[in-house]
Amino acid sequence: AQKITQTQPGMFVQEKEAVTLDCTYDTSDPSYGLFWYKQPSSGEMIFLIYQGSYDQQNATEGRYSLNFQKARKSANLVISASQLGDSAMYFCAMRDAGISNFGNEKLTFGTGTRLTIIP
Amino acid sequence: DSGVTQTPKHLITATGQRVTLRCSPRSGDLSVYWYQQSLDQGLQFLIQYYNGEERAKGNILERFSAQQFPDLHSELNLSSLELGDSALYFCASSVGGSSSYEQYFGPGTRLTVT
Numbered sequence: 497a498q499k500i501t502q503t504q505p506g507m508f509v510q511e512k513e514a515v516t517l518d519c520t521y522d523t524s525d526p527s528y529g530l531f532w533y534k535q536p537s538s539g540e541m542i543f544l545i546y547q548g549s550y551d552q553q554n555a556t557e558g559r560y561s562l563n564f565q566k567a568r569k570s571a572n573l574v575i576s577a578s579q580l581g582d583s584a585m586y587f588c589a590m591r592d593a594g595i596s597n598f599g600n601e602k603l604t605f606g607t608g609t610r611l612t613i614i615p
Numbered sequence: 234d235s236g237v238t239q240t241p242k243h244l245i246t247a248t249g250q251r252v253t254l255r256c257s258p259r260s261g262d263l264s265v266y267w268y269q270q271s272l273d274q275g276l277q278f279l280i281q282y283y284n285g286e287e288r289a290k291g292n293i294l295e296r297f298s299a300q301q302f303p304d305l306h307s308e309l310n311l312s313s314l315e316l317g318d319s320a321l322y323f324c325a326s327s328v329g330g331s332s333s334y335e336q337y338f339g340p341g342t343r344l345t346v347t
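Chains A and B, in that order, give the protein sequences.
Just so you know, the first sequence maps onto residues 497 to 615 in the working numbering.
Just so you know, the second sequence maps onto residues 234 to 347 in the working numbering.
Quick caveat, the hints were computed from the structure, so don't treat them as lab data.
For clarity, every value in this text was computed on a predicted model and none was experimentally measured.
Among the hints, erroneous ones may be present.
What the hints assert, rightly or not - Covered stretches of chain B, as calculated for chain A (at least 3 residues, CB under 8 Å): (1) 264-277; (2) 280-294; (3) 317-328.
Said to hold, decoys possible - Residues of chain B clear of chain A, computed beta-carbon distances all greater than 10 Å: (4) Ser235; (5) Pro241; (6) Leu244; (7) Gly249; (8) Gln250; (9) Arg251; (10) Val252; (11) Thr253; (12) Ser257; (13) Ser260; (14) Gln300; (15) Phe302; (16) Gln336; (17) Pro340; (18) Val346.
In this text, a Cβ means the ideal position worked out from N, Cα and C, and glycines have one as well.
Based on the provided sequences and hints, a complete structural model is requested.
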């Protein structure tokens with residue numbers, strides 16, 4: 497069964513510093529995708545970044561990058577030059593849609609990390 | 234704005250009642266997913282529809298049911314509501330099929346059962 501582990505319930509980071517949010521995963525399927533979502537206090541879920549299991553390079557989207565270490569089964573989110581607006585809950589999620597699960601694209605989420613940026 | 238719409242935004246109802254949550258996916262997306270976010274269980278997948286057909290089921294209670302209509306909008310029906318059903322219910326959509334990646338979430342419906 498798939499499992500996502502986020503071991504940091506909360507983090508406090510000074511504004512303009514970089515921050516790394518940890519995520520480890522477990523799956524027996526060779527084909528999978530990893531996602532990060534941001535949930536501000538308003539409640540919506542905002543897609544940030546995606547990494548496929550066969551992607552050769554780490555994904556980047558603006559200030560967000562994903563540090564993908566396949567052998568260690570980790571997919572940490574790095575936010576560079578943090579801003580006050582980055583304060584939110586961050587969820588790591590995995591989609592396991594290999595041959596055995598064709599068409600089943602459900603996301604399995606971790607428990608989240610609450611990030612607070614300090615001015 | 235993700236392009237996924239959900240109505241209503243808030244819903245307050247009593248135990249034993251039945252409610253319907255509605256979702257319209259992004260234009261062109263064929264897959265719709267329902268998720269429940271509660272303090273106890275975190276974010277959990279409930280059910281997926283693809284082009285009108287049920288594709289996958291997660292931890293969805295028998296009191297809950299869903300469907301996707303020909304125009305691709307979806308409804309989640311919750312019946313015999315209990316206090317523990319209070320949660321934020323998200324709908325998400327994606328292009329669907331094995332080649333799709335991102336799921337875009339709607340703003341959610343916050344259900345309070347009193």
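Here's how the hints hold up against the structure:
{"no.": "1", "hint": "264-277", "in the structure": "holds (count 6)"}
{"no.": "2", "hint": "280-294", "in the structure": "holds (count 5)"}
{"no.": "3", "hint": "317-328", "in the structure": "holds (count 4)"}
{"no.": "4", "hint": "Ser235", "in the structure": "8 Å, violated"}
{"no.": "5", "hint": "Pro241", "in the structure": "14 Å, holds"}
{"no.": "6", "hint": "Leu244", "in the structure": "14 Å, holds"}
{"no.": "7", "hint": "Gly249", "in the structure": "26 Å, holds"}
{"no.": "8", "hint": "Gln250", "in the structure": "23 Å, holds"}
{"no.": "9", "hint": "Arg251", "in the structure": "24 Å, holds"}
{"no.": "10", "hint": "Val252", "in the structure": "18 Å, holds"}
{"no.": "11", "hint": "Thr253", "in the structure": "20 Å, holds"}
{"no.": "12", "hint": "Ser257", "in the structure": "15 Å, holds"}
{"no.": "13", "hint": "Ser260", "in the structure": "17 Å, holds"}
{"no.": "14", "hint": "Gln300", "in the structure": "17 Å, holds"}
{"no.": "15", "hint": "Phe302", "in the structure": "19 Å, holds"}
{"no.": "16", "hint": "Gln336", "in the structure": "6 Å, violated"}
{"no.": "17", "hint": "Pro340", "in the structure": "5 Å, violated"}
{"no.": "18", "hint": "Val346", "in the structure": "18 Å, holds"}
In summary, the structure is inconsistent with hints 4, 16 and 17 from the numbered list given earlier, while agreeing with the others.
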